[in-house]
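Asker: Knowing the structure of chain A, use the given hints to seat chain B on it.
There are 2 protein chains.
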Amino acid sequence: MRATVMYGAGDVRIENVPDAKIVEPTDALMTVTYASICGSDLWPYRGLAQFREGGNRMGHEAIGVVEAVGADVRHIKVGDLVAMPFAYSDGTCVHCQAGIHTSCIHGGFFGSPDVGGAQAEAIRIPQADGTLVVIPGGKDDALMASLLTLTDVMGTGHHAAVTARVTPGKTVAVVGDGAVGLCGVIAAHRLGAEQIILLGRHDDRIALAKQFGATDIVSERGAEAVGRVRELTGGYGVHSVLECVGNNLSMDTALNIARPGGAIGRVGVPHDVTIPAAAPTFYKNLTISGGPAPVRAYIEELLPEMLSGKIQPGLVFDRVVNLDQVPDGYRAMDERESIKVMIRA
Amino acid sequence: MRATVMYGAGDVRIENVPDAKIVEPTDALMTVTYASICGSDLWPYRGLAQFREGGNRMGHEAIGVVEAVGADVRHIKVGDLVAMPFAYSDGTCVHCQAGIHTSCIHGGFFGSPDVGGAQAEAIRIPQADGTLVVIPGGKDDALMASLLTLTDVMGTGHHAAVTARVTPGKTVAVVGDGAVGLCGVIAAHRLGAEQIILLGRHDDRIALAKQFGATDIVSERGAEAVGRVRELTGGYGVHSVLECVGNNLSMDTALNIARPGGAIGRVGVPHDVTIPAAAPTFYKNLTISGGPAPVRAYIEELLPEMLSGKIQPGLVFDRVVNLDQVPDGYRAMDERESIKVMIRA
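Chains as they are written, first to last, in the working numbering: chain A, 1 to 345; chain B, 1 to 345.
Extracted from the complex, chain A is given alone in its bound form:
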């Protein structure tokens, strides 16, 4: 089968690899119908990752059709249209039961050598019963785009909002105008935030953020951004910060725009980030939370609003490619020509 393999910075190839197949009795085999390129895929694309001998198999967000199931799979059936969260999980262990599926005792992450990546024709799904979510409906592209965000970016934006303790009436800032940040705006809006300040600087993303519910835009960076957010919040700062970038500047900004007692929900994988232990974190009684989003935990809550069209996170996809065009999809996202790229089989 064909799959996306990354060999080094900027070196993405579509290659023939051994066919995905069932290995464990709890596995399913899924043909990929829709997949996507994630902002986190750009870290290795920019050289910020280890590359394995034989390259890294890419892709961890997908919708597909179940082609086969292992002997111990009880609930997922051949022919089901399913969404595949970026982490697989059994759904039954103590951490899954607590809603932290990304720490599942029998879990792991797609895009690893043993399970392969979803930017491919097919993929092996471990712990199929716990991992996969059957989705209703046909293959309407607009709806599928939103459902595809359940597998990562919408669930991740929601996790940022939940861990930043967004509740009705709160003032919120979203640091980062990537697909996750934009989904964070949707999440903050649906959780009832009164003011949603997006920190971003790209016109197309700003327009989408406003459509999603952002009330204010701050395009400055660093200390100037902090000053602007304070101006917009009566000098106090915000209750909740969704940190959707993961670098040191974004974290520093997040800590400095939070008001005393405020919370930072961080979902950007940290790269060379320093969290100061004393000021402002401790002295302002800030809460720092977040991590790899347990998107599996959120699907039941978010799915109905996508099916009804109440939320439309699929709008973050502004380009569609086929598998052969995936390398150009990486280039387009890296050069910010595209917010997020969908791969359609």
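Hints are computed from structural coordinates only; laboratory data are not their basis.
Beta carbons are placed, not taken as given, at the ideal position from N, Cα and C, and that holds for glycine.
To give an idea of the interface, some chain A residues facing chain B are shown, with a C-beta separation under 8 Å as derived from the structure:
1. G99
2. Y236
3. F282
4. N285
5. T287
Coverage of chain A stretches by chain B, computed from C-beta distances (three or more under 8 Å per stretch; other residues unrestricted):
6. 87 to 98
7. 252 to 261
8. 270 to 281
9. 289 to 303
Answerer: Frame of chain A; chain B shown alone:
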């Protein structure tokens, strides 16, 4: 009047200083009846602080009698028996209304040059209406000891438990067997924790912790302590960690004994602490919270249980001195001869 002044490491003196007096119309003047020495007073005692010209005025936990009030004080009356939290606050600003009195816009901390310290015959209380809490009852020493802990250690232990998200049925670890850690055990117990593991190594404190509700004791340190806590929790770690020390070892231990999705409530003022941004904090979806405890916010909740005797945090006081004996009180706490020293006028 006489007051406690610290000039350098180990150099505590009782000296004559200018009488405390009303400066602002929102001030009260309080004669100190009961005060105490705080674990945080030991940081400067061990040289870990800046010393001002003329020395540092010490003490920030006290109960006393109101001697005079400024023209704008409305609710506090001359003759009231009052408790003085370690931070003063107006009780009305946006941060006080949010329960973060330690970030009050018109607030500050006792033991500073302009307001003086409470290890003294009297003290000026800024923002008297917001700061002081009138306490009922006479001068029964045992009850007064508990009420005195409202001004810092019991409120601080409670803050650790609240920010560590202790709720009924949770497994909890308390790092540190000082007075705050012991009050943290009380707080976790009254909030319904099912298992309370105290990390401590002093027999007298361990005995008190068990009396307060600790179910397990771990006296190892570092990696061995982490292993023991994991053994005691089915290999998972705890839901909530009360970090009541504030050094790098205690923070590292706290992060490593928390289970995925767990929370650390830290109340020990951080000294040379590093918080790792990625593992284990981010990848385990840990929440790091806490800071200077807004003890004023908690007094109404805790006071009735002290008056009824349901909780007895005053048992952390195992030595009583008068003002002249304060230097020896510091020595006794520094040498761990005493858990916590009360100063009785």
